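**Q** Chain residues, written in single-letter form:
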Amino acid sequence: LAKTTQPISMDSYEGQEVNITCSHNNIATNDYITWYQQFPSQGPRFIIQGYKTKVTNEVASLFIPADRKSSTLSLPRVSLSDTAVYYCLVGGEAGNQFYFGTGTSLTVIP
Amino acid sequence: NAGVTQTPKFQVLKTGQSMTLQCAQDMNHEYMSWYRQDPGMGLRLIHYSVGAGITDQGEVPNGYNVSRSTTEDFPLRLLSAAPSQTSVYFCASSYRTGANQPQHFGDGTRLSIL
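Respectively, the protein sequence lines represent chains E and R.
For what it's worth, our numbering labels the leading residue of the first sequence as 0, then goes sequentially.
For what it's worth, our numbering labels the leading residue of the second sequence as 118, then goes sequentially.
Worth flagging that the hints you see were computed from the coordinates, not collected in a lab.
Quick caveat: nothing in here was measured; it's all calculated off a predicted structure.
Glycine residues also receive a C-beta, built at the ideal position from the N, C-alpha and C atoms.
Possibly wrong hints are sitting among the right ones.
The following label-pair restraints were derived from C-beta to C-beta distances [what the hints assert, rightly or not]: (1) Thr-82/E to Asp-155/R: 15 to 23 angstroms; (2) Lys-131/R to Tyr-12/E: 41 to 49 angstroms; (3) Ser-201/R to Lys-68/E: 45 to 53 angstroms; (4) Met-158/R to Thr-82/E: 31 to 39 angstroms; (5) Asn-29/E to Val-167/R: 33 to 41 angstroms; (6) Pro-109/E to Thr-187/R: 46 to 54 angstroms; (7) Thr-20/E to Arg-227/R: 16 to 24 angstroms.
Among chain E residues calculated to face chain R with C-beta under 10 angstroms, some are [to be verified]: (8) Pro-6; (9) Met-9; (10) Tyr-12; (11) Gly-14; (12) Tyr-50; (13) Thr-52; (14) Phe-62; (15) Gly-94; (16) Phe-97; (17) Tyr-98; (18) Gly-100; (19) Thr-106.
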């Protein structure tokens with residue numbers, strides 16, 4: 000299972016676009032990249048998943064370069080309610096143990 | 118759908134006591150797991166199950182037991198609580214195994230061992 004590296008914390012002002020990058024140098028051919036969001040006092044929740052190029056949904060966009068050794072979660076025009084910890088998870092269909100790491104703690108400032 | 122339900126939400130125990138943390142899901146998910154979350158340590162896998170009757174150890178299994186007698190339920194047992202087990206515990210489930218399967222988490226059980 001590919002280990003990941005993310006910044007420990009980030010601050011952003013309301014209304015700005017936030018980009019959180021995850022490094023996964025040993026990603027395997029069949030691995031997907033999945034991002035989770037965890038609000039205080041709640042469990043993590045799935046927000047977006049991708050394999051290559053770009054994926055967009057109502058919450059975020061996920062950018063994956065051609066070599067797939069990193070990925071960037073983009074949150075457009077963040078609000079105070081986007082303050083959370085964001086986890087990057089890399090893996091495929093094989094394997095039963097998942098490494099969430101310590102995530103990136105995003106604080107949105109008024 | 119209730120999703121993943123964990124009970125209790127809070128619990129205080131004395132060292133040496135035993136207890137069971139309950140986890141139930143109503144999505145007919147094959148895979149279930151338990152994590153503990155400590156400050157600065159992220160989520161660490163305790164035990165997991167790929168189906169009824171099948172369980173296995175994760176990264177930090179010592180001091181914990183699990184069983185999976187039904188698809189819906191996956192209780193976590195602390196046999197003799199220790200202060201080092203003070204943590205927030207999360208149960209998760211997914212349709213089947215694989216890191217590409219979206220994991221559904223409960224809201225956690227906050228456990229303090231005195």
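**Q** None of the hints should be skipped; say for each whether it holds.
**A** Do the hints match the structure? See the list:
no.	hint	verdict
1	Thr-82/E to Asp-155/R: 15 to 23 angstroms	holds, 20 angstroms
2	Lys-131/R to Tyr-12/E: 41 to 49 angstroms	holds, 46 angstroms
3	Ser-201/R to Lys-68/E: 45 to 53 angstroms	violated, 36 angstroms
4	Met-158/R to Thr-82/E: 31 to 39 angstroms	violated, 20 angstroms
5	Asn-29/E to Val-167/R: 33 to 41 angstroms	violated, 18 angstroms
6	Pro-109/E to Thr-187/R: 46 to 54 angstroms	holds, 47 angstroms
7	Thr-20/E to Arg-227/R: 16 to 24 angstroms	violated, 31 angstroms
8	Pro-6	violated, 14 angstroms
9	Met-9	violated, 16 angstroms
10	Tyr-12	violated, 26 angstroms
11	Gly-14	violated, 29 angstroms
12	Tyr-50	holds, 9 angstroms
13	Thr-52	violated, 16 angstroms
14	Phe-62	violated, 18 angstroms
15	Gly-94	holds, 6 angstroms
16	Phe-97	holds, 5 angstroms
17	Tyr-98	holds, 8 angstroms
18	Gly-100	holds, 5 angstroms
19	Thr-106	violated, 16 angstroms
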